[in-house]
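Asker: The lines below spell out each chain.
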Amino acid sequence: MSVWNYVVTAQKPTNVTHSCVGNFTSPQELNLIIAKCTRIEIHLLTPHGLQPMLDVPIYGRIATLELFRPHGEPQDFLFIATERYKFCVLQWDAETSELITRAMGDVSDRIGRPTDNGQIGLIDPDCRLIGLHLYDGLFKVIPFDNKGQLKEAFNIRLEELQVLDIKFLYGCLKPTIVVLYQDNKDARHAKTYEIALKDKDFVEGPLSHTNLDNGAGILIPVPMPLGGVIIIGEETIVYCSVSAFKAIPIRPSITRAYGRVDADGSRYLLGDNAGLLHLLVITHERERVTGLKIEHLGETSVASTISYLDNAVVYIGSSYGDSQLIKLNLQPDAKGSYIEVLEKYVNLGPIVDFCVVDLERQGQGQVVTCSGAYKDGSLRIVRNGIGINEQASVELQGIKGLWSLRSSTNDPYDTFLVVSFINETRVLAMNMDDELEESEIEGFCAEAQTLFCQNAIHDQLVQVTANSVRLVSSTTRELLHEWNAPSGYSVNVATANVSQVLLATGGGHLVYLEIGNGKLAEVKHVQLDYEISCLDINPSGENPNYSTLAAVGMWTDISVRIFSLPSLELLAKENLGGEIIPRSVLLCTFEGVSYLLCTLGDGHLLNFLLNLSTGELSNRKKVSLGTQPIMLRTFSSKDTTHVFAASDRPTVIYSSNKKLLYSNVNLKEVSHMCPFNSAAFPDSLAIAKEGELSIGTIDDIQKLHIRTIPLGEHARRICHQEQSRTFAICSLKNCQTSNEETEMHFVRLLDDQTFEFISTYPLDTYEYGCSIISCSFSDDNNAYYCVGTAYVLPEENEPSKGRILVFVVEDGKLQLIAEKETKGAVYSLNAFNGKLLAAINQKIQLYKWMLREDGSRELQAECGHHGHILALYVQTRGDFIVVGDLMKSISLLLYKHEEGAIEELARDYNANWMSAVEILDDDVFLGAENNYNLFTVRKNSDAATDEERGRLEVVGEYHLGEFVNRFRHGSLVMRLPDSEAGHIPTVIFGTINGVIGVVASLPHDQYVFLEKLQANLVKVIKGVGGLSHEQWRSFNNEKKTVDARNFLDGDLIESFLDLSRSRMDEIASSMAVPLEELCKRVEELTRLH
Amino acid sequence: MGSLLDDWPSYDPHNFSQLRPADSSAQSSKLTPVTYRPTHNKTLPPPDQVISTEARNILLRHFYQKSEEKFRPKRAASDHLTPEHSCKQPRYAYADEADVF
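Heads up: the protein sequence lines correspond to chains X and L, in order. Counting with full-length UniProt numbering, you get residues 1 to 1089 for the letters of the first sequence. Counting with full-length UniProt numbering, you get residues 1 to 101 for the letters of the second sequence.
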């Protein structure tokens, strides 16, 4: 790998952090707006459910998301504040469907200690000001003027230093905040302040309550006419206003989110950290609060945000499990729950660990993540590309073509599968037992290769061979009519639809036939300049039975031509360039847009927009799909048409949001494909590959496939063992006993096909599983699982004891072979030179695997290295050891065999708090740290002085905006050795927000090219809310902010493909690169993930 | 309990009326929203709506406010005070102290 890195998202964040409901896109429309850390999604409420409208990337991590209605405006505005102290106010322009920035700004202060409990942003219900609590002891005010314009912000000193929550009270003459805070004796209180805008100061407010519940954490202001505030504690809920004070006890629980149900504020939904949903009701009489009631409704995912939508439907946004759309029923179900889950939205976050495996042994990586937390913990199997689930297969060599036929036009199912070989044609048919057996269609010529066949109108079948076109009755299966090629000429290529046949013979003759009832009529014949290599008359216009256009690919001048039918007049000609002939053409329509697809003999695909009335071709684009000739064929899945490109790298071409997308099919090589929909194999495909004919169903057409294995407990570490075909995980389960909550920790063994628990090793009380690997030792061929643990005792700041456990899998059981006590937590384990390298608190320790006299084995300490704060993440390569420290960035160690010692070679002297490290190559190491940055450091082995050699030089810096928990070498896509992308090494990362991303190391020239493209794109694609891309990607921590370097933003670069043609042209010309070339290079990058 | 769970707010009775629960194995709606890539110029707000925090330090502002407050009542209370009134006699004290050291 290299120092020139390209960072791109394969899976966008799925962790829902905020949500709000209002009339954003129109005064009449109700929208749900959700934030997924760095993105916003705008949804529309419809009779059919939530309709996603827009996915909006934000150049920042969203800290606050609020809808508000300025005076005199017919619809809501959206206020967003980011963690790096930027804010913006967005308005939806319905005419252009654009987001307009009404205001933006920077609310950072030069000095000030960032709040420990997160940033708080809030808007006065009467829209007089926006309040922000960003630094301890300061409350920032952005006032509105009477026209709804924002004015200069100012700070007010807030005496309370440990603020837990702030809200505006309703119905106050002057804007009034209520502050929930903790004093220096850890007691919690609430007090109110009126904001005197003129004096820029606080005035003591009407309410104050001291010594609240010790777990009081959330304030809920109650709208008028009731007014006042609800304070949610862990054991009590309190309502207080100027005139009333009510309290109720609750079953101990930590409330994480609330959602207001009624506009008058009499009911609220509360979600706790066990995923239980409660309804809190304020009972009142004549605008006077008489009491509080709480009712248990049922269980959901652990909610991070709750939004009541409409008609008893509620959105539950979750950080720890899948987000949900639920309905509140009037009557409980059999389990006593009032909740019905209507829909689930996948959330991979938090990805705590993952491994990359090739379970199907197809040469393609799959990511298996430890996702979710608490009861919503799960494993997720994330796979790129479209899978074919094989139902049946038979060995057949030398297949030259494949077609399915129905026995009558109205038959819903296909009966025949026509398989063509070099000198013969065989017909397979479904028999009464739903088995495929050899059959016969009498009217077909079986002694020749079929070039094309097709169901035709009037219950007829058409077969084209080198000598003739045969029209056969599909009921009697007898020959009805035959068109013979002129003597001396043979048919080279042919195509047909239900009523038309187009074929080409040697000498450039193009013949057009129409299919009548029992008759084939030659309608037109023209001679072209050159030989014809491929043709298509797939009806893409309004009439599904008849095409008015024909596409023809040519030898010699390497062109594709569009002819009108039936006249065979030339409408358009497009020279393809180069020397590779077109091998397959296809006319097709996706989402109402007509295209001409054309593939070349070298695995390239060209696509054009096709004007159906004039035949004109425009917007030429080129992508590389494989290296071999590609055959195109349409098929349908779930009532949508897609195109299958059969080649050495089979691909499905489909359209989403009017953009063509290419998704890999997880098969190695496919020569031919046809849809085959029979009663026994509904919605299937017949596929010819490497001496085999198989029938299988196809996955949903999308790029990433995610399978969920719910665990009901929190998996924290995972690893795969090839030899035993198992996974092992370290997990923890929360157990609720009668009066206290306990945790139990396990090492569990799972079958790698069924993902069932097959064996469990419970860890001791207080013992946490910290690391797990599968490894072998020198002089011992067994594969072992090694688990590192820590005893986490409540009274210790750092664990002072742990264990290394060595298991072997025998008869599907975890057998403990050896254990070694350690003087601290075993944060990391690595297989290292046939030994075991462990990171134990501040020490790196190497263990040998020793044979005792009695034949048993034990781990024996060999050597170690001190000098870390906490060595949390360790990677090795050869004799080199790279350590990611809790707070001392990255250091490089070397194991010296002869001396049996580990020595430090170099370190990065920055104070980065690490969250993951990986070795990119011999000299360059990649790190992620807790301010959401990525950086690379390089070893200076050629430097002149010892001092320089001892320093790891920082060579790349980038703000990812995501907290990375793990890097792993590997690829989500199948790598072809001879494709360009196959040479780009990649590292996969997983984050708390559920992002799976790829860091790809580029050759220097490609990096320079893409850097230029990125610079051009920044000028064209604007940051939503006026936020700057450059600032967003700048490396930022408490000490410094510097521009990103040696990292490129792949998400921005790949969005080039979403631009309009004119914008693309603009960029291509300013880069002085042909647009086609530019599109192709970006398209290739999208195939890295 | 019935009354608490009754009468859920309804803004548009049609919303969700056609929605049937997906079977539990189904993971999510397949619809993916379009990713927004603004290329227009209205991503920048009007020039007067680029907000920043007032430059004056909060402590200085506090001092100025306090001094203004002190100053105002003085003027109101005593319109015809002679300037020497503000010049009291503490200087002697300072002078004395200075002598001591």
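These are computed hints drawn from the structure, not numbers from a lab. Note that beta-carbon positions come from the ideal geometry of N, C-alpha and C, so glycine has one too. Incorrect hints may have been included.
[What the hints assert, rightly or not] Now the stretches of chain L that chain X is said to cover, found in silico as 3 or more residues with beta-carbon under 8 Å:
id, stretch
1, 6-13
2, 36-45
3, 55-68
[To be verified] Computed cross-link-like contacts, EDC-like style, restricted to lysine to aspartate or glutamate with a CA-CA straight-line distance of at most 20 Å:
id, chain 1, residue 1, chain 2, residue 2
4, X, Lys801, X, Asp811
5, L, Lys66, X, Glu204
6, X, Lys151, X, Glu73
7, L, Lys42, X, Glu95
8, X, Lys151, L, Glu54
9, X, Lys198, L, Asp7
10, X, Lys198, L, Glu54
11, L, Lys42, X, Glu1030
12, X, Lys835, X, Asp879
13, X, Lys147, L, Asp12
14, L, Lys66, X, Glu98
15, L, Lys42, X, Asp333
16, X, Lys659, X, Glu1054
17, X, Lys198, L, Asp6
18, L, Lys42, X, Asp106
19, X, Lys1012, X, Glu1030
20, X, Lys622, X, Asp639
21, X, Lys200, L, Glu54
22, X, Lys200, L, Asp12
23, X, Lys293, L, Asp6
24, X, Lys151, L, Asp48
25, X, Lys151, X, Glu95
26, X, Lys1019, X, Asp1043
27, X, Lys327, L, Glu69
28, L, Lys42, X, Asp93
29, X, Lys848, X, Glu798
30, X, Lys659, X, Glu1084
31, X, Lys327, L, Asp12
32, X, Lys638, X, Asp411
33, X, Lys1019, X, Glu948
34, X, Lys659, X, Glu591
35, X, Lys1039, X, Asp136
36, L, Lys42, X, Glu73
37, X, Lys293, L, Glu68
38, X, Lys200, L, Asp6
39, L, Lys66, X, Asp201
40, X, Lys327, L, Glu68
Asker: Does each hint hold? Answer for all of them.
Answerer: Verification of the hints:
1. 6-13: holds (count 7)
2. 36-45: The restraint on the stretch 36-45 of chain L holds, since 10 of its residues have a Cβ under 8 Å from chain X and three suffice.
3. 55-68: Since 4 is at least three, the answer is holds.
4. X/Lys801 <-> X/Asp811: violated, 31 Å
5. L/Lys66 <-> X/Glu204: holds, 18 Å
6. X/Lys151 <-> X/Glu73: Given that 20 Å is the threshold and the Cα spacing comes to 18 Å, the pair holds.
7. L/Lys42 <-> X/Glu95: The given pair, whose Cα atoms are some 13 Å apart, holds under the 20 Å limit.
8. X/Lys151 <-> L/Glu54: It holds: about 10 Å lies between the C-alpha atoms, which stays within 20 Å.
9. X/Lys198 <-> L/Asp7: violated, 44 Å
10. X/Lys198 <-> L/Glu54: holds, 14 Å
11. L/Lys42 <-> X/Glu1030: Within the cut-off at roughly 19 Å; holds.
12. X/Lys835 <-> X/Asp879: Holds: lysine 835 of chain X and aspartate 879 of chain X sit about 12 Å apart, inside 20 Å.
13. X/Lys147 <-> L/Asp12: violated, 31 Å
14. L/Lys66 <-> X/Glu98: Violated, because 48 Å separates the two Cα atoms, which is more than 20 Å.
15. L/Lys42 <-> X/Asp333: Between lysine 42 of chain L and aspartate 333 of chain X the Cα gap is close to 51 Å, so the pair fails against 20 Å, i.e. violated.
16. X/Lys659 <-> X/Glu1054: holds, 13 Å
17. X/Lys198 <-> L/Asp6: violated, 46 Å
18. L/Lys42 <-> X/Asp106: With a Cα-Cα distance of about 18 Å, the restraint between lysine 42 of chain L and aspartate 106 of chain X holds, given a limit of 20 Å.
19. X/Lys1012 <-> X/Glu1030: Since the Cα atoms of lysine 1012 of chain X and glutamate 1030 of chain X sit roughly 14 Å apart, the hinted pair holds (cutoff 20 Å).
20. X/Lys622 <-> X/Asp639: Outside the cut-off at roughly 27 Å; violated.
21. X/Lys200 <-> L/Glu54: Given that 20 Å is the threshold and the Cα spacing comes to 11 Å, the pair holds.
22. X/Lys200 <-> L/Asp12: At roughly 42 Å apart (the allowed maximum being 20 Å), aspartate 12 of chain L and lysine 200 of chain X break the hint.
23. X/Lys293 <-> L/Asp6: holds, 15 Å
24. X/Lys151 <-> L/Asp48: holds, 8 Å
25. X/Lys151 <-> X/Glu95: violated, 28 Å
26. X/Lys1019 <-> X/Asp1043: holds, 17 Å
27. X/Lys327 <-> L/Glu69: Violated, at about 58 Å.
28. L/Lys42 <-> X/Asp93: With a Cα-Cα distance of about 10 Å, the restraint between lysine 42 of chain L and aspartate 93 of chain X holds, given a limit of 20 Å.
29. X/Lys848 <-> X/Glu798: violated, 26 Å
30. X/Lys659 <-> X/Glu1084: Distance ~16 Å between lysine 659 of chain X and glutamate 1084 of chain X Cα, so the pair holds.
31. X/Lys327 <-> L/Asp12: holds, 16 Å
32. X/Lys638 <-> X/Asp411: holds, 19 Å
33. X/Lys1019 <-> X/Glu948: Answer violated: lysine 1019 of chain X to glutamate 948 of chain X is near 39 Å, above 20 Å.
34. X/Lys659 <-> X/Glu591: With Cα atoms ~9 Å apart, lysine 659 of chain X and glutamate 591 of chain X stay inside 20 Å; holds.
35. X/Lys1039 <-> X/Asp136: holds, 18 Å
36. L/Lys42 <-> X/Glu73: Holds - the C-alpha atoms of glutamate 73 of chain X and lysine 42 of chain L are around 19 Å apart, at most 20 Å.
37. X/Lys293 <-> L/Glu68: Violated, at roughly 52 Å.
38. X/Lys200 <-> L/Asp6: Answer violated: lysine 200 of chain X to aspartate 6 of chain L is near 45 Å, above 20 Å.
39. L/Lys66 <-> X/Asp201: holds, 12 Å
40. X/Lys327 <-> L/Glu68: violated, 60 Å
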